[in-house]
Amino acid sequence: METMGDRIKRLRIEMGLTQEELGKRVGLKRAAINKYEKGNVENMKRSIVEKMSSLFSVSPSYLMALDESNSEKNTIFQLYNKLEKTRQERVYRYTEQQLHEQENEKVSQANFNGNDNDIDVAGKVAAGLGTQNFDKTQPLFTIRMNKEDIPSDYDLALQVTGDSMEPTFEDGEIIFVKEQDEFQNGMIAAVEINEEAFIKKIYKEESRIRLVSLNRDTDKNGNRLYPDFYADEKDELYLIGRVVL
1 METMGDRIKR LRIEMGLTQE ELGKRVGLKR AAINKYEKGN VENMKRSIVE
51 KMSSLFSVSP SYLMALDESN SEKNTIFQLY NKLEKTRQER VYRYTEQQLH
101 EQENEKVSQA NFNGNDNDID VAGKVAAGLG TQNFDKTQPL FTIRMNKEDI
151 PSDYDLALQV TGDSMEPTFE DGEIIFVKEQ DEFQNGMIAA VEINEEAFIK
201 KIYKEESRIR LVSLNRDTDK NGNRLYPDFY ADEKDELYLI GRVVL
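Residues in the sequence shown are numbered from 1 upward in steps of one, following full-length UniProt numbering.
Hints were generated in silico from the structure; no laboratory data involved.
Note that beta-carbon positions come from the ideal geometry of N, C-alpha and C, so glycine has one too.
Any given hint might turn out to be false.
Claimed, not checked - Only pairs whose alpha carbons sit at most 27 Å apart, straight line, appear in this in silico DSS-like list of lysine-lysine:
hint, residue 1, residue 2
1, 45, 201
2, 38, 24
3, 9, 51
4, 45, 147
What the hints assert, rightly or not - Pairwise CB distance ranges, derived in the manner of DEER restraints:
hint, residue 1, residue 2, range
5, 212, 139, 25 to 35 Å
6, 233, 65, 46 to 56 Å
7, 77, 207, 53 to 63 Å
8, 86, 219, 17 to 27 Å
9, 207, 139, 16 to 26 Å
Given only the sequences and the hints, what does the whole structure look like? Please build it.
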C-alpha cells in the first residue's frame, strides 16, 4: 500500500524536482521534505498539504493516501467531505492533536534494521512558550532514527514543541545540538532562560540577547504571532548549544 511519503516522492520525481526544489515551492527545507518522504513526520500541516496538492495537481486526500480501497477509510473521508469547511477545520485540528499525542506516547513500535541508531532525547525545547522539560542528567525518552538523519558531531538530541520555528523546524521534530559557551550573531540555538528552554535564532545587542522566531505568520491585524523577545543580565541565561543544521 502506498503511503503519503511514497506519493510525495513519486510525484516529486515525476515532476523532475529535487527535494530542495520541492521545498522551495512549498516553503520547507530539504530536510523536512526528506523526513516526509521517509515517513518520519506523519503530522503534515494543512497549509503544506494544500500547497503540495495544488503543485502536483492532485486532491489532498490522494496526497495523504486516504483514497485506498478500505471501506472504513472511505467512510471516514465521505463523512468528512459532507462537513462544512469550518467543521472540517475542527476535525483536522483535532486529528492533528490526537496524532501528536500518539506519537509522543510511543517510543518505537516499528521494526528497525542495522541502518538505525538509538537516540537519547534529553528533553524538549519550546519553539513557542518556554518549556521546563530539558533535563541535563537523564534522557526524557529514546527514539530510533536512521543513521542518515543523524549528524556525525553533536552532543544532545532535543525535541521541538510548538510551531514558532516553522517551516525550518516542525513541531515534534528531533534536533541535534552541539554544546558551546559563546553566543554568535545569527546562530540558531537551544537556550535556557529562567529555567525555561527555547529554540530560537539569537542576536547580540549591546547588553542583551534578542531571540527571534522563524515563523513570520501574523494575526488578522498584521501583528506577528511570535514577536521577538529579549533576555539581559537580570535573567538567568544559559546557552545549551548551537543547533546542528
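Verification of the supplied hints:
no. : hint                    : verdict
1   : 45 <-> 201              : 22 Å, holds
2   : 38 <-> 24               : 19 Å, holds
3   : 9 <-> 51                : 15 Å, holds
4   : 45 <-> 147              : 26 Å, holds
5   : 212 <-> 139: 25 to 35 Å : 29 Å, holds
6   : 233 <-> 65: 46 to 56 Å  : 53 Å, holds
7   : 77 <-> 207: 53 to 63 Å  : 56 Å, holds
8   : 86 <-> 219: 17 to 27 Å  : 18 Å, holds
9   : 207 <-> 139: 16 to 26 Å : 36 Å, violated
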